[in-house]
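Visitor: Sequence:
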Amino acid sequence: MKTFNINLNINATDQNELEAKLQAFQDLQDHLDHEDFIAASEVIVEHPEIVEFIKEVIPEEGGELGMTDYIGIARKAFQRFAVA
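Residue numbering for the sequence shown follows the working numbering, beginning at 1 and increasing consecutively.
Treat the hints as calculated values from the structure; they're not laboratory data.
With a straight-line Cα cutoff of 30 Å, these simulated DSSO-like cross-link-like pairs (lysine-lysine) come out: (1) K21 with K76; (2) K55 with K76; (3) K21 with K55; (4) K2 with K21.
The whole structure should be built from the sequences, with the hints applied where relevant.
Guide: See below:
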């Protein structure tokens with residue numbers, strides 16, 4: 001794999017926000033393969049409201065989801081995002 005140098009402009013209110021955005025980008029790059037990274041980016045760009053939904057349903061730090069939680073999340077997602 002090659003490493004490329006790029007110039008990137010990022011809007012941030014301060015150094016901390018800039019570092020948080022860059023860390024989030026690095027985390028996604030480290031944990032998703034190329035196809036999943038591109039697909040996730042496309043979903044977020046096309047449907048930014050999904051970010052708020054994820055924040056609502058994500059377990060607290062160290063928490064785990066059970067089968068009932070997954071069913072509830074699926075139901076909630078269907079209600080919110082299903083096309084009529």
